[in-house]
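Kindly produce the complete structure, drawing on both the sequences and the hints.
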Amino acid sequence: MTALNRRHFLKASATLAGGLVLGVSLPGRGEEKSGSVGEPAGPHLAYLVQIEPDGKIIIGATGSEMGQGVKTSLPMIVAEELDVEWDSVTVEQMPLGIKRDSEGNLAWLHVSQGAGGSTSVSEGWQPLREAGATARQLILQAASERWGVPMGALTTDRGVVIHTASGRRAGYGEFAAAASALPLPENPPALKATENFRIVGRSQRVVDAEAIVTGQAEYGIDASMPGQVYASVEHCPFRDGSVASFDDKAARRVPGVIDIVPIEGPAPDEFFTVLAAGVAVVADSTWAAFQGRAALDIKWHPGPHADESTASLREQMRQALERPGQVVLDDGDVQAAFAAADDSLAADYFVPYVSHAPLEPQCCVVHVRDDGADVIAPTQSPSGASRMVNRLTGLDRMAINVHISRLGGGFGRRLTVDYVAEATLISMAVKRPVKLQWTREDDLKHDFYRPCGLHRLSASLDDRGRLTGWRHQLASPSKYYRRPNVEADKMWEAELYPDDPPRRLLPNVQLQYYSMQSGVPRGSWRAPAHYANAFAVQSFLDELAHRAGQDPLAYQLELLGESRELPYEQHGGPVFDPGRLAGVLKLAAAKADWGKPLAGSQGRGIAGHFTFGGYAAYVVDVTVAAGELRIDRVVGAIDCGLAVNPNGVIAQMESGVHDGISTALRLEITLEEGRIQQDNFHNYRLASLRDAPRVVETYIVDSPHPPSGVGEPPISPLAPALTNAIFAATGQRIRELPIGEQLKS
Amino acid sequence: MTTFTLNGEDYEFAGAEDTPLLWVLRDHAGLTGTKFGCGAGLCGSCTVHIDGRARRACIIPVGAVADKQVTTIEGLARDGLHPLQQAWLEEDVAQCGYCQAGQIMAAADWLERTPNPSHEDIEKQQTPLCRCGTYARIRKAIFRAADIRREGAVTLVEPDGQEVST
Numbered sequence: 001m002t003a004l005n006r007r008h009f010l011k012a013s014a015t016l017a018g019g020l021v022l023g024v025s026l027p028g029r030g031e032e033k034s035g036s037v038g039e040p041a042g043p044h045l046a047y048l049v050q051i052e053p054d055g056k057i058i059i060g061a062t063g064s065e066m067g068q069g070v071k072t073s074l075p076m077i078v079a080e081e082l083d084v085e086w087d088s089v090t091v092e093q094m095p096l097g098i099k100r101d102s103e104g105n106l107a108w109l110h111v112s113q114g115a116g117g118s119t120s121v122s123e124g125w126q127p128l129r130e131a132g133a134t135a136r137q138l139i140l141q142a143a144s145e146r147w148g149v150p151m152g153a154l155t156t157d158r159g160v161v162i163h164t165a166s167g168r169r170a171g172y173g174e175f176a177a178a179a180s181a182l183p184l185p186e187n188p189p190a191l192k193a194t195e196n197f198r199i200v201g202r203s204q205r206v207v208d209a210e211a212i213v214t215g216q217a218e219y220g221i222d223a224s225m226p227g228q229v230y231a232s233v234e235h236c237p238f239r240d241g242s243v244a245s246f247d248d249k250a251a252r253r254v255p256g257v258i259d260i261v262p263i264e265g266p267a268p269d270e271f272f273t274v275l276a277a278g279v280a281v282v283a284d285s286t287w288a289a290f291q292g293r294a295a296l297d298i299k300w301h302p303g304p305h306a307d308e309s310t311a312s313l314r315e316q317m318r319q320a321l322e323r324p325g326q327v328v329l330d331d332g333d334v335q336a337a338f339a340a341a342d343d344s345l346a347a348d349y350f351v352p353y354v355s356h357a358p359l360e361p362q363c364c365v366v367h368v369r370d371d372g373a374d375v376i377a378p379t380q381s382p383s384g385a386s387r388m389v390n391r392l393t394g395l396d397r398m399a400i401n402v403h404i405s406r407l408g409g410g411f412g413r414r415l416t417v418d419y420v421a422e423a424t425l426i427s428m429a430v431k432r433p434v435k436l437q438w439t440r441e442d443d444l445k446h447d448f449y450r451p452c453g454l455h456r457l458s459a460s461l462d463d464r465g466r467l468t469g470w471r472h473q474l475a476s477p478s479k480y481y482r483r484p485n486v487e488a489d490k491m492w493e494a495e496l497y498p499d500d501p502p503r504r505l506l507p508n509v510q511l512q513y514y515s516m517q518s519g520v521p522r523g524s525w526r527a528p529a530h531y532a533n534a535f536a537v538q539s540f541l542d543e544l545a546h547r548a549g550q551d552p553l554a555y556q557l558e559l560l561g562e563s564r565e566l567p568y569e570q571h572g573g574p575v576f577d578p579g580r581l582a583g584v585l586k587l588a589a590a591k592a593d594w595g596k597p598l599a600g601s602q603g604r605g606i607a608g609h610f611t612f613g614g615y616a617a618y619v620v621d622v623t624v625a626a627g628e629l630r631i632d633r634v635v636g637a638i639d640c641g642l643a644v645n646p647n648g649v650i651a652q653m654e655s656g657v658h659d660g661i662s663t664a665l666r667l668e669i670t671l672e673e674g675r676i677q678q679d680n681f682h683n684y685r686l687a688s689l690r691d692a693p694r695v696v697e698t699y700i701v702d703s704p705h706p707p708s709g710v711g712e713p714p715i716s717p718l719a720p721a722l723t724n725a726i727f728a729a730t731g732q733r734i735r736e737l738p739i740g741e742q743l744k745s
Numbered sequence: 001m002t003t004f005t006l007n008g009e010d011y012e013f014a015g016a017e018d019t020p021l022l023w024v025l026r027d028h029a030g031l032t033g034t035k036f037g038c039g040a041g042l043c044g045s046c047t048v049h050i051d052g053r054a055r056r057a058c059i060i061p062v063g064a065v066a067d068k069q070v071t072t073i074e075g076l077a078r079d080g081l082h083p084l085q086q087a088w089l090e091e092d093v094a095q096c097g098y099c100q101a102g103q104i105m106a107a108a109d110w111l112e113r114t115p116n117p118s119h120e121d122i123e124k125q126q127t128p129l130c131r132c133g134t135y136a137r138i139r140k141a142i143f144r145a146a147d148i149r150r151e152g153a154v155t156l157v158e159p160d161g162q163e164v165s166t
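Residue numbers (my numbering), protein chains in the order written: chain A, 1 to 745; chain B, 1 to 166.
Treat the hints with care, as some may be off.
[As the list claims (entries may be wrong)] Short, incomplete list of chain A residues facing chain B, as computed with Cβ under 8 Å:
1) Gly67
2) Trp287
3) Gly408
4) Gly409
5) Glu654
6) Val657
[As the list claims (entries may be wrong)] Calculated cross-link-like contacts (lysine-lysine; reagent style DSBU-like; alpha-carbon spacing at most 35 Å):
7) A:Lys431 x A:Lys591
8) B:Lys68 x A:Lys596
9) A:Lys744 x A:Lys596
10) A:Lys596 x B:Lys124
11) B:Lys140 x B:Lys124
12) B:Lys68 x B:Lys140
13) A:Lys490 x A:Lys249
14) A:Lys586 x A:Lys744
15) A:Lys249 x A:Lys192
16) B:Lys68 x A:Lys591
17) A:Lys586 x B:Lys140
18) B:Lys68 x A:Lys744
19) A:Lys591 x A:Lys192
20) B:Lys68 x A:Lys431
21) A:Lys192 x A:Lys586
22) B:Lys124 x A:Lys591
Just so you know, these hints were derived from the structure itself, not from any lab. Don't be surprised by glycine CBs; every beta carbon is placed ideally from N, CA and C.
Next comes the structure, spelled out in structure tokens:
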């Protein structure tokens, strides 16, 4: 959606206290007809801007806060145009807001909600600015009428209306009630020039920071409803297995256990609701539910994937790559380029299945009533939760209230709402509010994992080692898991981004895909496809530079060339500018003393990548001694357009550094005889502080472009920068993740 | 019946003594600042103090804290903010924030005994896991908290560089 064609419907009305509330809805969806979910009711904020007569200003946070910072950055955008003091603003999480339009179609009540694809800031930028500016305009109009002066004679400053000629001043609250009775302006008011920003572009602290450090912030796990019971589910350890029989006599004797509810797994080949079959234990406390669950005796039907193992899947991938794949991009004539080449190189790279492992295991509270339902969930997809409850209960979407708690991490796991489905089914069975709590074991064994994949990269080179042809073959089980609506020949679309470089940087580029079969559930894991592709492509470019006897940075800069706009049709487009990618590589290199000699056991590597509209690069310094890897320093650079909250952008880069390190060092999910082998943090070993570099620096490109999201771009280039550094230090090329024990061999 | 002191007040738990302290705190005492992450003492999100020492509440049966002093994140600072909480704000450590109570409780114990920590001290003793990757800021915040403890500093530095007296 572009800024040009976006027009908004705004709606103002009075708060209970007689102040102004302002909502903003996306356009073209018609007027609401039969009420809305998420309108203000009682103490719940549902509108973006609320100004109380006492001057209190509340700005609604529309998105799901999982650590990526949108509960701070999105309200900052509103506050900027509203022209208030940021420190005086109260930010409150908004529930899901939807409405039914005159044609009976469902539409967003305000703006799209949820979080995925690093789109919150880029998509919210224009409508949130307009919402803030519109509220300010209404206040100005009310002041103009009250004081009998033209609007043009009034200005605002930090929540105060000023009539310069007379020196009169009054806070916004004075006009809130009158403003709420005014019609909305037909067109969005003029927006501030960016050079006049006082809030956007300046570092602000996470809005819930104090609540977090004092233990007051409310996550999904902290939510409750009156009269709730607690549930825990023993899930089938086999993908698509089922419950053959179970004996719950011992479980029912556990003190506190109230009921036992079997849960059917998803039907074969249909889109999932719950992820796995299981047996739920309902009790009067979490611990009683866990105890009851431990006392269950369940026999499982192992289902169709009981023989699957990681070794067998890898062997199938290896064999697949020996055959021609599905050609999904074929620029120029790759075959001719290879035939005419002075030199060529090929290398295989492997990335494993990994789990999201948010530190808060899946949980939620759901109450299905006869006439509606209430959901409190740490979800990236509140509308998905609403649809799921509708699908399972048949309740009208307008009768389903979804509240978004803070998320104890997301990373894409909470785009799926299987846990909401489970709690819904259990609540339907016991007819009470159900608080569902997964364990860490549940969470690691029942995830929508990042797909594993085997990449084969081949390059044809001229007599100076320059690229003349490029072939990238990828064998993987696609992220598109159990999607009956996705054709078999479209599975690649989640795994390969054809417009990624090096397309259009050389004439002959071919991409081939091999869709592998696996029973393991797959889903979106932070920067889907990009983590894997950046590892393969940026490692291979480093290999090519070394083969050509060239500096890896210089080699890549020559390939990228000057700044220009290349078409980019996949998510993150519509354009890719290789000059901006070169820009972050150069900035990181300059700040990291690229080219300066290091001690013998040290090495320095560089990598950059374009992900979802943002450009990021890292230079990593490592020491490898006696097989022990130490990451000494990471210097990052990002071009995300205008940095709405620079402090938050830096935090996301630091997050990309550490998540990238954690995933590259030790993380992999493996299968034996159909069972996931990892079950807790002793064998799914996240990075600890001991693994973290002592020096992490981030530099933000001063960019004239509008903001792009920063949740995902920072992770993709870290792993190849790290493994390129390891190569520089040791001459050992890491082509398989995780790094694990490879340096000890 | 297990009785213990919880954040300075007497607390009685009538349930089974093998109930993990974590679930007594969360489900019965209503103190939800202590988080569940692994249930196996591996991640540290549930770190509390028992008689002043950092312990992982998910693997401690409530019976084991009979007559002891239990302090949770809610009771860490009796008045205002603990230097670590203040430092956490100054460095704006939290992302999702889920692990941070456990991080602070862990550091609050060992920093007492290591008031001038080195990088090595932090790497050895600050063991709770953070999934978002806030380790760089945790490191900075621990150094900052050590400074605050020494100086009795009361100036809060905002992310934009402004200093605010507290």
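Checklist entry - Quick one, are Lys68 of chain B and Lys744 of chain A close enough, alpha carbons at most 35 Å? => result Given that 35 Å is the threshold and the Cα spacing comes to 46 Å, the pair is violated.
Next on the checklist: Checking one constraint from the list: CA of Lys490 of chain A to CA of Lys249 of chain A, max 35 Å. Satisfied?
Outcome noted: Roughly 48 Å between the alpha carbons, so the hint for Lys490 of chain A and Lys249 of chain A is violated.
Checklist entry - Once the shortest beta carbon distance from Val657 of chain A to chain B is found, is it less than 8 Å? => result holds (6 Å)
Checklist entry - Taking only the CA atoms, is the gap from Lys68 of chain B to Lys431 of chain A under or equal to 35 Å? => result Measuring from Cα to Cα gives roughly 40 Å; hence the hint is violated.
Next on the checklist: Just to be careful, I want the Cα atoms of Lys586 of chain A and Lys140 of chain B compared with a cutoff of 35 Å; is the pair within it?
Outcome noted: Holds, at about 27 Å.
Checklist entry - Quick one, is the Gly67 of chain A hint okay against chain B at 8 Å, beta carbons? => result holds (3 Å)
Next on the checklist: For Lys140 of chain B and Lys124 of chain B, compute the direct alpha-carbon distance and say whether it is at most 35 Å.
Outcome noted: holds (15 Å)
Checklist entry - Does the nearest C-beta of chain B fall within a distance shorter than 8 Å of the C-beta of Gly409 of chain A? => result holds (5 Å)
Checklist entry - Under the criterion that the straight-line Cα-Cα distance not exceed 35 Å, is the pair Lys591 of chain A, Lys192 of chain A satisfied? => result Holds, at about 33 Å.
Checklist entry - Has the given pair, Lys68 of chain B with Lys140 of chain B, been kept, meaning a C-alpha gap of at most 35 Å? => result With Cα atoms ~33 Å apart, Lys68 of chain B and Lys140 of chain B stay inside 35 Å; holds.
Item to check | Pair hint Lys68 of chain B and Lys596 of chain A, alpha-carbon separation not exceeding 35 Å | outcome: Cα-Cα ~57 Å, so violated.
Checklist entry - Hey, Lys586 of chain A versus Lys744 of chain A, does the alpha-carbon distance stay inside 35 Å? => result It holds: about 33 Å lies between the C-alpha atoms, which stays within 35 Å.
Of the hints listed earlier, those the structure fails to meet are numbers 7, 8, 13, 15, 16, 18, 20, in rising order.
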